[in-house]
Amino acid sequence: MAAISEFFSTQHRACDRVFEKMEEAVSRDDWPQAESLYKELSRDTLQHFSNEEEGLFPLFEETTGMQAGPTQVMRGEHVELRELLQRIGDAVQARDRDEALGTAETFFLFLQQHNVKEEQVLYPMADQVLQGVLPELSDKVPGFTPSGE
Amino acid sequence: MNLGALSLENAPGFWTPVRFFLTAPVFGMLAAGLIFVDGGQLLQSRWLPGSLAVAHAFTLGYIAMAMLGALFQMLPVLMGAVFPQAARAAMIVHLLMTLGTLCLVFAFLVQRPLLFAAAVVLLAPVLILFGAGVLVAIFRTGKVSTTARAVQLAALGLIVTVMLGGYMALGHAFGTAPINNVLTNYHAAWGVIGWILILAVGVSEQVIPMFLTTPPYPGLFNKRLAYLLMLLLVAGSLLPLRGLELAAVVLAGCLMLAYAVVTLQLLGKRRRKRFDITNAYWQVGMLCLVPGAGTNVYSYFGGAMGGADLALLSGLLLLVGFAVSIINGMLYKIVPFLVWLNLRMPAVMGKLKPGTRYYTPNIHEVINVRPMQVQLMFHVAGLLLLVAAVFFQGLTVYAAATAVLVSNLLLLLNLAHAVRLYRKYSSRAIAVR
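Chains B and E are the protein sequences, given in the same order.
Just so we're aligned, residue 9 is where the first sequence starts under the working numbering, counting upward by one.
Just so we're aligned, residue 12 is where the second sequence starts under the working numbering, counting upward by one.
The shape of chain B in the complex, shown without the other chains (with noise of 0.2 Å):
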């Protein structure tokens, strides 16, 4: 795989299984796990979100040329999945189960279809057209090696 598709999937992957705990948790109702575990899904998530939106995107659109393009798109569920993820935050907080485990099955259903999004289209366009200039992209985010190691 190459280096952004392999980078930013595993990324996706990782906040799946801190999202999986965090539900477990919750279904367990031990809430000081669910908090803790909400916190850092909350911030891993806001982390790849920022990575995306500061570093990948900019790059992606000032060499495509593709401002209105998929991006755009992205940024958008971007935001709706923010709005889900404060409402589960929310709901730990309340300790109200049945809105927290509804509301992460609803961020866990809307985030599924918007990572295959990515990791099958999005990504592997930005590997290619990308190529000449992944050291800027480590510049901007945090962890990132050209090389994908």
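Hints are not guaranteed to be accurate.
What the hints assert, rightly or not - Taking lysine-lysine pairs in the DSSO-like style, the calculated list, with each CA pair at most 30 Å apart, reads:
hint	chain 1	residue 1	chain 2	residue 2
1	E	K344	B	K29
2	E	K362	E	K344
3	E	K280	E	K234
4	E	K234	E	K284
5	B	K47	E	K344
6	B	K47	E	K284
7	E	K154	E	K344
8	B	K47	B	K148
9	B	K47	E	K154
10	B	K47	E	K280
11	E	K362	E	K284
12	B	K47	B	K29
13	E	K344	E	K280
14	E	K344	E	K435
15	E	K280	B	K29
16	E	K344	E	K284
17	E	K364	E	K435
18	E	K234	E	K154
19	B	K29	E	K284
20	E	K234	E	K344
Simulated from the structure, these hints should not be mistaken for lab results.
Starting from the known structure of chain B, arrange chain E on it as the hints suggest.
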């Protein structure tokens, strides 16, 4: 790669797939009603007019109905193929499917040539055109995923199934051809394996790991499975060698078994351990696929079990046990999500003034878990009773028909609840929560 297809704006509207989804359980209820009215007779032989009527209420009215609806939704979103005029096409396809299936079901019941002719006119062109459209749309996208390739093969399966079925129905209409057992078997094999199973293989590759958080299917498993099944179908149908047909039946049975076992293993490795209705339905479906494939091979070699029609039992397990179960499960994943997604569309598309927020029910509120579980219980009871009725007939048949009827009624009510919520919230002015 079609970038336009990335956008949810290109997803078809709410009603495009949902009209199909709401119709499926109605045909399930019709099938149950027919079993009830025809009583004991029906489950004794697959060749009885009533059995054929029930079979087509399920295959066309329920299974194909839901699968076409899902394809209208899936094609643009997941495969990068934009369906031209999706909303209008869906409306027409749905209307023709509904009318055509009704004609065919009643044609079998009352054996009227005119009804058979009407069924062919209403169903064959639209289904063949739909299949051809899917084939071409996916060819145009170039390099495609396993799912897309399987959908393409399934579209071919659909076309062959409809052509064989249409040919036989015309025979009924014009009295030119008596019921032909060989053609019927090909028609059934292409329908069950070429259309339903290959589509399931393709869809599950993407859907099961993604929504049910399982590990992925091993390597090229689904791709090879889809190609091999198609190869067996083509070889078994075109080459008039008894030995080859025999081998094809056995091999296809083994492939079905392998698919069921691998899928059950994956489902056993779900990372999210919470009860998931879709997962339960996939498990039921796979547990039926195993004996369904087994009895098919067994009956092909003339096996017998207490005087029961084993081919009918196999059909029951494969259609109502496997196909209807996984579709039912998928409807519970798709419909609540579509309700939610369409209600959130203004927000997702960035059409709101900054800072505006409005309340949308979460997915568990769109259809509650409890009523879905109750419906699952009736579905499983209906299945077990149907299988029992093949052997015992008598009162078991009525119990089976009642359970299937209740199961489909509950499914309809659960889906209708989701649709009511959609109506309520989409017509309501945006309220800040």
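Consistency of the hints with the structure:
1. K344/E with K29/B: With a Cα-Cα distance of about 21 Å, the restraint between K344/E and K29/B holds, given a limit of 30 Å.
2. K362/E with K344/E: holds, 26 Å
3. K280/E with K234/E: holds, 21 Å
4. K234/E with K284/E: holds, 28 Å
5. K47/B with K344/E: holds, 28 Å
6. K47/B with K284/E: Within the cut-off at roughly 21 Å; holds.
7. K154/E with K344/E: holds, 28 Å
8. K47/B with K148/B: holds, 23 Å
9. K47/B with K154/E: The hint is violated at about 40 Å.
10. K47/B with K280/E: Holds, at roughly 26 Å.
11. K362/E with K284/E: Outside the cut-off at roughly 37 Å; violated.
12. K47/B with K29/B: Status holds; Cα separation ~12 Å.
13. K344/E with K280/E: holds, 19 Å
14. K344/E with K435/E: holds, 20 Å
15. K280/E with K29/B: Since the Cα atoms of K280/E and K29/B sit roughly 15 Å apart, the hinted pair holds (cutoff 30 Å).
16. K344/E with K284/E: holds, 17 Å
17. K364/E with K435/E: The hint holds at about 22 Å.
18. K234/E with K154/E: With Cα atoms ~14 Å apart, K234/E and K154/E stay inside 30 Å; holds.
19. K29/B with K284/E: Distance ~10 Å between K29/B and K284/E Cα, so the pair holds.
20. K234/E with K344/E: holds, 24 Å
Of the numbered hints listed earlier, those contradicted by the structure are 9, 11.
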